[in-house]
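The number in this note's numbering is simply the position in the sequence shown, starting from 1, with 21 added.
What the hints contain is simulated information worked out from the structure, not anything from laboratory work. Worth double-checking, as some hints may not be accurate.
[Unchecked claim] Within a straight-line C-alpha distance of at most 25 angstroms, the following computed DMTMM-like cross-link-like pairs (lysine to aspartate or glutamate) qualify:
#1 K130 x E353
#2 K739 x D714
#3 K164 x E189
#4 K710 x E693
#5 K491 x E436
#6 K137 x E108
#7 K667 x E343
#8 K270 x E309
#9 K739 x E684
#10 K319 x E306
#11 K282 x D303
#12 K282 x E79
#13 K270 x E311
#14 K739 x E724
#15 K491 x E591
#16 K282 x D255
#17 K478 x D467
#18 K270 x E591
#19 K389 x E436
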Amino acid sequence: MSLNLLSIRPKVVTPCSSCQAGRLSPLWRVASVILLLAAGSVTSAAEPAVKPADEALEAAGEHLGRGRYAEALEAYRALTGLTGEAEIAAARGTARCLVETGQLEEARKILETAIKAHPRSARLRADLALLQLQRGLFEEARKSIEAALQRDADDPLARLAEARLLTETGQLQEAGNAWRWFVRYYNRVQPTGAEELLAVGEGALQYARWNSVSQIFGFVLNTLCTDALKDDPDAWQALSLSGELLLEKHNRAEALPEFRKALAINPRAAAVQVWLARAALDQQETAEAERLAELALKINPAYVPALHIQADLAFARGALPEADRILQQAAEVNPHSQQTLARMAAIHVLLGHPPAGQVEGLLEQIEKIGEYQGNRKGRFAEITIQVAERNPRPGVYLTEIGTALESRRQYFAAEQFYRAAMRVMPQLAEPKTALGMLYMRIGRTDEARTILDDAFKADPYHVRVSNMRKVLKVLGDYDRIATEHFIVHVDQERDRILGEYMAEYLEEIYPELVREFGFEPPARTHFEIYSTARGLSGHQWFSARMIGLPWIQTIGASTGVIVALTSPAESQKPFNWARVLRHEFVHVITLQQTQFHIPHWFTEALAVRSEGYPRPDEWNRLLLARVPQGDLRTLENLSQGFTSPKSPEDWQFAYCQSRLYAEYMTTLAGAESLSRMLAAYRQNHPTEKAVQDVFGIDIEQFEAGYRKYLEDLTAELKSGRGTNLDGLDLEETRAAFVQN
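Using the sequences plus the hints, can you model the full thing?
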């Protein structure tokens, strides 16, 4: 998390003679960081209270702070005859307008021209260094930082650029000292200017993260950001920083109002739009995330975090070539961004490009990449080696790869990258937290407990970590009912008898499902049944177990390794627990069988089909409403119907369509075609290739045939032939009655 400090509007300061001579007197050391003396507070008897140039600068700065970038740029360029600090302020303001609208090269030229005119200005060089870092120009930034600090060793923006550069180049001990500087600077100087306070805020937060000083989080939220707004009511960056910190801790409820208040000041703050997009994406609100990312890019076409959102959206829907294309755009702005390169590398891992042993070898020697003697072929190796040559401790790069892989259920690959990140950059909290959460997803609760306890000690404000530790305590109190193939966890007092029935039923269906899918999980599968405990409902505990937050829309879920569900005794609406257990265990089988490469829609199709129940009337109504309108998803976007449905009906129809895709496949090539599709996914083949190999037709022909299949089915429903129970035996009829 880094704040773009090039967007704070510049203010005029008139330096004293000792500062002009390159020295700071104790009195001026405090005054110099304020950047703006209160209007009219220092005037000469012979001068008006406010000079016309000051008024014009103030007006331009207000345009900038309010996001009126075109007006601000015009106002700054109209200023003529400026000298000294006023000319510096105008140059900085002009550059910031250009940065905020993606004109980075033009901003560079403005700053370099101003530096030639004002060679003694440290702040101009600090601005240039931050811009150079934004573009990945590390060597140029190093020179600008050195020059700035030679002129003012206490310039917070120059120090911020220095800390970022040291971090990006893997000089972690030096970087740690650089982040600590901000804490000492604040204690020594007590700055009051918004720009300085926000620089201190970023630096102090990074120091706090690296050193587990959680008290600083509250101090930044409640003191630094508040004081920055007192100095400059238009400092929307203070509100954005508050929102970023709260969202980092998964405190969405308090984060979103901060972002909205920031946009009330500057509705064209691309950074805030992207943070809101990230918050939407965290909730699977993909349409909103897409809208916000597009809005940010209209404001600033060169804003790399907005491109990351777009790439993540493409990544989530499996459009890996599209994601890679977007990331290439981001790399044109900053070819050395760890976040960009990590996403690129993850794509190549998912496509199966790294040969056997290459990932392990590179991770093992990433700190001494020059000594790596293994296979260097392929894009993944090329990217990783280049990153490690610039930064032998690329913890951010490794963590981002792990996050991307985990989002595609590649848990065991993600674990490798999280562990490597923890080894090379132990200061980072993110890989530790992520690994603890991953271990919860794959049922390694003892290991998760150790990691999450450490994570909580380091950061007690992290909501998901706190919630997951509470889940572990509840789970630890449960009885374990162990059978040959399953372990069922239940509350002894509330659900012990139910748990025994569940265990018996699971063993009963185990041989049938293993035979049907031709795969047997290598370890016993854990089923966790959550009931009311410690003042929270079973559904809240189930939700916390699955996502670390207290609400999820379903009653049961599987990670492919473990299954969790709300106790049937607590559900507001009765449900068939045997049906849910069967459904979720099919997910366990098909996910593990395909090494987690199976698309979401296909594992749902097989799970629903395996339940053995007739199609419910609700689905028939949806078919009658949607098929004639062409309101259908294709295999390209069907999985999004589960992860980000537009409505509850859309979610239901995703299940309906998935099941009908499976049934259509059996009409083309028999039931064995489903097994052949599973085999194709196990080989990590994309759906287009799997369809071509299994059915001998391309995806366009397949989709056309599927639409015809739905049209014929809808015609049957209209005629009434698709809704009767003729031909069903008594048990099937009873099941249909219960379901409908």
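Structure-based check of each hint:
1. K130 x E353: Distance of about 19 angstroms is within 25 angstroms: holds.
2. K739 x D714: violated (35 angstroms)
3. K164 x E189: Distance ~15 angstroms between K164 and E189 Cα, so the pair holds.
4. K710 x E693: Holds: K710 and E693 sit about 17 angstroms apart, inside 25 angstroms.
5. K491 x E436: Holds, because 23 angstroms separates the two Cα atoms, which is no more than 25 angstroms.
6. K137 x E108: holds (12 angstroms)
7. K667 x E343: Between K667 and E343 the Cα gap is close to 23 angstroms, so the pair holds against 25 angstroms.
8. K270 x E309: Measuring from Cα to Cα gives roughly 21 angstroms; hence the hint holds.
9. K739 x E684: Given that 25 angstroms is the threshold and the Cα spacing comes to 20 angstroms, the pair holds.
10. K319 x E306: holds (20 angstroms)
11. K282 x D303: Cα-Cα ~20 angstroms, so holds.
12. K282 x E79: Distance of about 22 angstroms is within 25 angstroms: holds.
13. K270 x E311: The given pair, whose Cα atoms are some 23 angstroms apart, holds under the 25 angstroms limit.
14. K739 x E724: Status holds; Cα separation ~23 angstroms.
15. K491 x E591: Between K491 and E591 the Cα gap is close to 20 angstroms, so the pair holds against 25 angstroms.
16. K282 x D255: With a Cα-Cα distance of about 11 angstroms, the restraint between K282 and D255 holds, given a limit of 25 angstroms.
17. K478 x D467: holds (17 angstroms)
18. K270 x E591: With a Cα-Cα distance of about 30 angstroms, the restraint between K270 and E591 is violated, given a limit of 25 angstroms.
19. K389 x E436: holds (21 angstroms)
The structure fails hints 2 and 18 (numbered hints given earlier, in ascending order).
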